[in-house]
Amino acid sequence: MILQIISAFFATFFFAVLFNVSKKELIYCGLVGAIGWLIYLFIFKLSNSIIFSNFISALSISIMSRILAKLRKMPISIFLIPGIIPLVPGTGMYKTMYAMLNQNFEEAAFYGAQSLQIAGVIAIAIIFIASFDTLSHKRTE
Amino acid sequence: MNFKLLLKFAMQAGEIMLRSGAETYRVEDTIMRILSVYDLEIIEVFVTPTGIITTIDDQKIEMTTKLKRIKSRSIRLDKVALVNDLSRKYVEGQISLKDAIEELKIIDKTPPYHPLIIISATSFTSAFFTIVFGGNLRDCLISLSIGIILGIIQRLFINLQVSRFLTDIICGFLIGFSALLLTTIIPLTNLDYIIIGSIIPLVPGVAITNAIRDTIEGNLLSGISRGIEALFIAISIATGVGIILKLWFHF
Chain A
39 MILQIISAFF ATFFFAVLFN VSKKELIYCG LVGAIGWLIY LFIFKLSNSI
89 IFSNFISALS ISIMSRILAK LRKMPISIFL IPGIIPLVPG TGMYKTMYAM
139 LNQNFEEAAF YGAQSLQIAG VIAIAIIFIA SFDTLSHKRT E
Chain B
51 MNFKLLLKFA MQAGEIMLRS GAETYRVEDT IMRILSVYDL EIIEVFVTPT
101 GIITTIDDQK IEMTTKLKRI KSRSIRLDKV ALVNDLSRKY VEGQISLKDA
151 IEELKIIDKT PPYHPLIIIS ATSFTSAFFT IVFGGNLRDC LISLSIGIIL
201 GIIQRLFINL QVSRFLTDII CGFLIGFSAL LLTTIIPLTN LDYIIIGSII
251 PLVPGVAITN AIRDTIEGNL LSGISRGIEA LFIAISIATG VGIILKLWFH
301 F
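From first to last, the protein sequence lines stand for chains A and B. Taking the numbering used here, the leading residue of the first sequence gets 39, the next gets one more, and so forth. Taking the numbering used here, the leading residue of the second sequence gets 51, the next gets one more, and so forth.
Here chain A stands alone, though its shape is the one from the complex:
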């Protein structure tokens, strides 16, 4: 499990390099990814629900990115994009495709629906935090 979290750090770090994030911010990107994955694993152990743990993890990643964006005076996307990547339902989509290839449509529907749910809760988590953002914008203006 510790190995997974360390890997999540480096995975997010190098993913940020692919998007040309400047050198100074790379470590923060890695941290967001690692903490996000730690929260995911932790909540998953507690609740045993993939959807719920994705939601909580995406929520905390959005909050961390928001705080870092304020502190480092950077656009939020620099931390949010790499940080959220480990949660993207790649596994679910792969399993959906695999089941479809084998004409196993029952399984395909299950994994497909699960991937959609995960994508949905991640979107809602990002929207949730971003809405607070828009709110505070309008108040200061």
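The hints are simulated quantities; they were obtained by calculation from the structure and are not laboratory data.
The calculated SDA-like cross-link candidates involving lysine to any residue, where the alpha carbons are at most 20 Å apart (straight line), are:
(1) LYS139/B to LEU109/A
(2) LYS108/A to LEU64/A
(3) LYS108/A to ASP135/B
(4) LYS111/A to GLU142/B
(5) LYS133/A to LEU241/B
So these bits of chain A aren't anywhere near chain B, every CB distance computed over 10 Å:
(6) SER87
(7) ILE89
(8) ILE101
(9) ILE105
(10) GLU144
(11) GLN152
Quick reminder that beta carbons are idealized off the backbone N, C-alpha and C, glycines included.
Following the hints, put chain B in place on chain A, whose structure we already have.
Coordinates of chain B only, in the frame set by chain A:
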């Protein structure tokens, strides 16, 4: 005050941001803020992922409209941050318009990471994500080598200007093929983890996140188009991987 020059600066700043993968609403916001420094009567900015239209009008000046079409895009989040910073400095009055335009030119020429760094980052991304998703050390090493191939192929296709979707189909195919080949030769490996980890560098992270953020900010048009872009990229990757899996298990 030379309003033409101001408009030029605002448009160029917006163009660089949009080309580098900024959210559409951020581009609109930046152009708006730059132009709002002088109390102009009318400022209208309309940005979609493929173009920018801006109009300014006031009693003192002639109405001016500028249109800029964005054709090619490459993800350069460093440039987004730099332009964002520059526009903030300009709006706060820390830098003159002339200097800001000069600065913008320098920002636009910022070199990306060296191709070798990008290729190794691709392979490390694949390798580490394989572990994150549950693979063992052998899987990780296989992903590392697949990642190197993937990085080189991607580089090559970018230089040849092959379309993103074709690139993704071919890359998915190659990932599937090398994963199948290597897992057949090397025992105690997990095909699933290797493939899932290796396709991560292809995942359209920017399109996905921007689609969500643009939609919430009310930029519905760009939200939809970015969402469709992400969907088609995902389908391309799945097609590539699917074809080779089907062929492999068939023969």
